[in-house]
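Trainee: Spelled out, the chains give:
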Amino acid sequence: MHESFNLDAAFTAMADPTRRAILARLAKGEATVTQLTKPFEMTQPAISQHLKVLEDAGLIAQRVDGTKRPRRLAKAGIDAMDQWLGMLRKALEKNYDRLDEVLANMEQHKKGAKR
Amino acid sequence: MSRLTLKTEGDTHIIVTRRFAAPPEAVYRAHTDPKLIQKWMLGPEGWTMPVCINEAKAGGKFRYEWTNAKGQGFHITGEFLELTPYSRIVHVERMHLPDPTPENHVETKFEPDGTGTLMTMRMTLPDAATRAAMLKTGMEHGMEASYVRLEGII
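The listed protein sequences derive, respectively, from chains A and B.
Residue numbers for the first sequence follow the working numbering, so the first one is 1 and each next one is one higher.
Residue numbers for the second sequence follow the working numbering, so the first one is 116 and each next one is one higher.
To be clear, the hints were calculated from the coordinates, so they are not data collected in a lab.
Please read all numbers here as calculations on a predicted model, not as lab measurements.
Check before you lean on any hint, since a few could be wrong.
Computed footprint of chain A on chain B, listed as stretches where at least three residues anywhere in the stretch have a Cβ under 8 Å from a Cβ of chain A [to be verified]:
{"no.": "1", "segment": "127-141"}
{"no.": "2", "segment": "156-165"}
{"no.": "3", "segment": "168-179"}
Mimicking DSS-like on lysine-lysine, the simulated pairs with C-alpha atoms at most 27 Å apart in a straight line are [unchecked claim]:
{"no.": "4", "chain 1": "A", "residue 1": "Lys68", "chain 2": "A", "residue 2": "Lys38"}
{"no.": "5", "chain 1": "B", "residue 1": "Lys185", "chain 2": "B", "residue 2": "Lys122"}
{"no.": "6", "chain 1": "B", "residue 1": "Lys176", "chain 2": "B", "residue 2": "Lys154"}
{"no.": "7", "chain 1": "B", "residue 1": "Lys172", "chain 2": "A", "residue 2": "Lys110"}
{"no.": "8", "chain 1": "B", "residue 1": "Lys154", "chain 2": "B", "residue 2": "Lys224"}
{"no.": "9", "chain 1": "A", "residue 1": "Lys94", "chain 2": "B", "residue 2": "Lys122"}
{"no.": "10", "chain 1": "A", "residue 1": "Lys38", "chain 2": "A", "residue 2": "Lys52"}
{"no.": "11", "chain 1": "A", "residue 1": "Lys52", "chain 2": "A", "residue 2": "Lys75"}
{"no.": "12", "chain 1": "A", "residue 1": "Lys110", "chain 2": "B", "residue 2": "Lys224"}
{"no.": "13", "chain 1": "B", "residue 1": "Lys150", "chain 2": "B", "residue 2": "Lys185"}
{"no.": "14", "chain 1": "B", "residue 1": "Lys150", "chain 2": "A", "residue 2": "Lys110"}
{"no.": "15", "chain 1": "B", "residue 1": "Lys150", "chain 2": "B", "residue 2": "Lys172"}
{"no.": "16", "chain 1": "A", "residue 1": "Lys94", "chain 2": "B", "residue 2": "Lys185"}
{"no.": "17", "chain 1": "B", "residue 1": "Lys172", "chain 2": "B", "residue 2": "Lys224"}
{"no.": "18", "chain 1": "B", "residue 1": "Lys154", "chain 2": "A", "residue 2": "Lys75"}
{"no.": "19", "chain 1": "A", "residue 1": "Lys75", "chain 2": "A", "residue 2": "Lys38"}
{"no.": "20", "chain 1": "B", "residue 1": "Lys150", "chain 2": "B", "residue 2": "Lys122"}
{"no.": "21", "chain 1": "B", "residue 1": "Lys224", "chain 2": "B", "residue 2": "Lys122"}
{"no.": "22", "chain 1": "B", "residue 1": "Lys185", "chain 2": "A", "residue 2": "Lys110"}
{"no.": "23", "chain 1": "B", "residue 1": "Lys224", "chain 2": "A", "residue 2": "Lys75"}
{"no.": "24", "chain 1": "B", "residue 1": "Lys154", "chain 2": "A", "residue 2": "Lys111"}
{"no.": "25", "chain 1": "A", "residue 1": "Lys111", "chain 2": "B", "residue 2": "Lys122"}
{"no.": "26", "chain 1": "A", "residue 1": "Lys94", "chain 2": "B", "residue 2": "Lys176"}
{"no.": "27", "chain 1": "A", "residue 1": "Lys94", "chain 2": "B", "residue 2": "Lys224"}
{"no.": "28", "chain 1": "B", "residue 1": "Lys154", "chain 2": "A", "residue 2": "Lys94"}
{"no.": "29", "chain 1": "A", "residue 1": "Lys111", "chain 2": "B", "residue 2": "Lys224"}
{"no.": "30", "chain 1": "A", "residue 1": "Lys68", "chain 2": "A", "residue 2": "Lys94"}
{"no.": "31", "chain 1": "B", "residue 1": "Lys154", "chain 2": "B", "residue 2": "Lys185"}
Virtual Cβ for every residue (Gly too), placed ideally from N, Cα, C.
The following block holds chain A by itself, in its conformation from the complex (with noise of 0.2 Å):
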């Protein structure tokens, strides 16, 4: 199980639609490849590589059961994704709305010293 979570890695990861595909998949439960290989309609080893990128990247884990290993996702990952991007994309409408609010402030400001 991967501890450490690699930003860089885990972009790279996720800019793949077959991984963001898995990871969907994942998100509703863990799987193990052969079932995950069945709906994207890949070969095994295809789908391995895959989930290697993802492990790699620390936002998936395996565990063993027997003779399979089924996959699910890695809290760590998930998370620290969710926390950037989400903020990113948050940070950016919550600010330019506090903007507004800066500029109309400053705009009083500035008619009050004419006054």
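Starting from the known structure of chain A, arrange chain B on it as the hints suggest.
Mentor: Chain B alone, transformed into the frame defined by chain A:
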């Protein structure tokens, strides 16, 4: 008119536009005066910027530190490349979480728009993959539902 627009250009750019009901001089000052920056560049509710160091000159550095009531925090460092009062700011920045994110090159323009200002911010990310990840996972509404769903199951 005041709504934020966000679109992509080429492989590595993100263009953000926003209109403000104040002249370019005021909007420019609000982007370069630390005392003003601390009032608005705060992100989501609950965050403050206790540290705002800003040398608004070409080659000058800046450092913004945010914190919230839970004691969480992060910071951005950057350098100003060009400043043209009151029309243009060019800088590079990266966020520290604490590992630095890929570098974001940002050009911010302020143009007169009637009695107000049209701000155009052009971000350039190092590569298409970084931008794609930034946009498709964070800045589009599609993933928001996913993240809400994720919160429930993790």
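Trainee: Are Lys94 of chain A and Lys122 of chain B close enough, with their CA atoms no more than 27 Å apart?
Mentor: 18 Å, holds
Trainee: Given the hint that Lys94 of chain A pairs with Lys185 of chain B, does the C-alpha gap stay at or below 27 Å?
Mentor: Status holds; Cα separation ~20 Å.
Trainee: CA of Lys38 of chain A to CA of Lys52 of chain A, is that 27 Å or under?
Mentor: 18 Å, holds
Trainee: Given the hint that Lys150 of chain B pairs with Lys185 of chain B, does the C-alpha gap stay at or below 27 Å?
Mentor: Distance ~24 Å between Lys150 of chain B and Lys185 of chain B Cα, so the pair holds.
Trainee: Given the hinted pair Lys185 of chain B and Lys110 of chain A, is their Cα-Cα distance within 27 Å?
Mentor: 37 Å, violated
Trainee: Would you check the hint for Lys154 of chain B and Lys94 of chain A, treating anything up to 27 Å between C-alpha atoms as holding?
Mentor: 12 Å, holds
Trainee: Has the given pair, Lys224 of chain B with Lys75 of chain A, been kept, meaning a C-alpha gap of at most 27 Å?
Mentor: The given pair, whose Cα atoms are some 39 Å apart, is violated under the 27 Å limit.
Trainee: Are the Cα atoms of Lys110 of chain A and Lys224 of chain B separated by 27 Å or less?
Mentor: Given pair Lys110 of chain A, Lys224 of chain B holds - Cα atoms ~23 Å apart, limit 27 Å.
Trainee: Compare the distance between the alpha carbons of Lys172 of chain B and Lys224 of chain B with 27 Å, and conclude whether the hinted pair is satisfied.
Mentor: Within the cut-off at roughly 16 Å; holds.
Trainee: Is Lys111 of chain A within 27 Å of Lys224 of chain B, Cα to Cα?
Mentor: 26 Å, holds
Trainee: Next pair to validate is Lys172 of chain B with Lys110 of chain A; report whether the Cα-Cα distance is within 27 Å.
Mentor: 25 Å, holds
Trainee: Just to be careful, I want the Cα atoms of Lys68 of chain A and Lys94 of chain A compared with a cutoff of 27 Å; is the pair within it?
Mentor: 46 Å, violated
When the structure is compared with the earlier hints, violations turn up for hints 3, 5, 18, 20, 22, 23, 25, 30 and for no others.
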